[in-house]
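Each residue of the sequence shown is one higher than the one before, counting from 1 in full-length UniProt numbering.
Among the hints, a few may not be true.
[As the list claims (entries may be wrong)] Subject to a maximum C-alpha distance of 27 angstroms in a straight line, what follows is the list of computed DSSO-like cross-link-like pairs (lysine-lysine):
1. Lys66 - Lys53
2. Lys107 - Lys120
3. Lys117 - Lys96
4. Lys120 - Lys96
5. Lys53 - Lys107
6. Lys53 - Lys106
7. Lys117 - Lys66
8. Lys30 - Lys53
9. Lys117 - Lys30
10. Lys106 - Lys120
11. Lys53 - Lys96
12. Lys96 - Lys30
13. Lys96 - Lys107
14. Lys117 - Lys53
15. Lys120 - Lys66
16. Lys117 - Lys107
17. Lys53 - Lys120
18. Lys120 - Lys30
19. Lys107 - Lys66
20. Lys96 - Lys106
21. Lys30 - Lys66
22. Lys30 - Lys107
23. Lys106 - Lys117
Read the hints as simulated data drawn from the structure, not as lab findings.
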Amino acid sequence: MASMVLDNIKDSARSTFKNVMSSQVPIIFKGMLNEFLRRDNITFGMMVAMVEKNESLLPHLTPEIKHGMRRAAEMVPDIDWFTVDWLIEAIRGEHKAMASLFLGWKKGRNWLARQIKAIKAEMYGN
Numbered sequence: 001m002a003s004m005v006l007d008n009i010k011d012s013a014r015s016t017f018k019n020v021m022s023s024q025v026p027i028i029f030k031g032m033l034n035e036f037l038r039r040d041n042i043t044f045g046m047m048v049a050m051v052e053k054n055e056s057l058l059p060h061l062t063p064e065i066k067h068g069m070r071r072a073a074e075m076v077p078d079i080d081w082f083t084v085d086w087l088i089e090a091i092r093g094e095h096k097a098m099a100s101l102f103l104g105w106k107k108g109r110n111w112l113a114r115q116i117k118a119i120k121a122e123m124y125g126n
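Based on the sequences and whatever the hints tell you, model everything.
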């Protein structure tokens, strides 16, 4: 009986931990994304050039960032929340010009959608 109660407590704790971690993954991604843009000094001009050339963002992500994103993604069943609108909102506070670029330029928004799709495929090995 005590063993069954202990097992139920463990299951409940695991479930609670997963729920807490699931809610934190978007916050973790936001931090990694802004850190990538800041640390690697990705500028508005560089982003415009990447969009114009249809250059992939993936080669610019460091192995450390890719690994961190994969680890965070493993904590949740899906990352359906990782969308163009989410990403724009995530960078808006620290990178206003880039957020505006994707908000106001259809080509930029479409490019960003392709980058998100590629990043998701990279994280989930699709």
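Consistency of the hints with the structure:
1. Lys66 - Lys53: The hint holds at about 23 angstroms.
2. Lys107 - Lys120: holds (20 angstroms)
3. Lys117 - Lys96: holds (23 angstroms)
4. Lys120 - Lys96: holds (24 angstroms)
5. Lys53 - Lys107: holds (11 angstroms)
6. Lys53 - Lys106: holds (15 angstroms)
7. Lys117 - Lys66: holds (14 angstroms)
8. Lys30 - Lys53: holds (26 angstroms)
9. Lys117 - Lys30: OK: Lys117 and Lys30 at ~17 angstroms, within 27 angstroms.
10. Lys106 - Lys120: Since the Cα atoms of Lys106 and Lys120 sit roughly 21 angstroms apart, the hinted pair holds (cutoff 27 angstroms).
11. Lys53 - Lys96: Holds, at about 22 angstroms.
12. Lys96 - Lys30: With Cα atoms ~14 angstroms apart, Lys96 and Lys30 stay inside 27 angstroms; holds.
13. Lys96 - Lys107: holds (18 angstroms)
14. Lys117 - Lys53: holds (18 angstroms)
15. Lys120 - Lys66: Distance ~11 angstroms between Lys120 and Lys66 Cα, so the pair holds.
16. Lys117 - Lys107: It holds: about 16 angstroms lies between the C-alpha atoms, which stays within 27 angstroms.
17. Lys53 - Lys120: holds (21 angstroms)
18. Lys120 - Lys30: holds (15 angstroms)
19. Lys107 - Lys66: holds (25 angstroms)
20. Lys96 - Lys106: It holds: about 17 angstroms lies between the C-alpha atoms, which stays within 27 angstroms.
21. Lys30 - Lys66: holds (13 angstroms)
22. Lys30 - Lys107: Given pair Lys30, Lys107 holds - Cα atoms ~23 angstroms apart, limit 27 angstroms.
23. Lys106 - Lys117: holds (17 angstroms)
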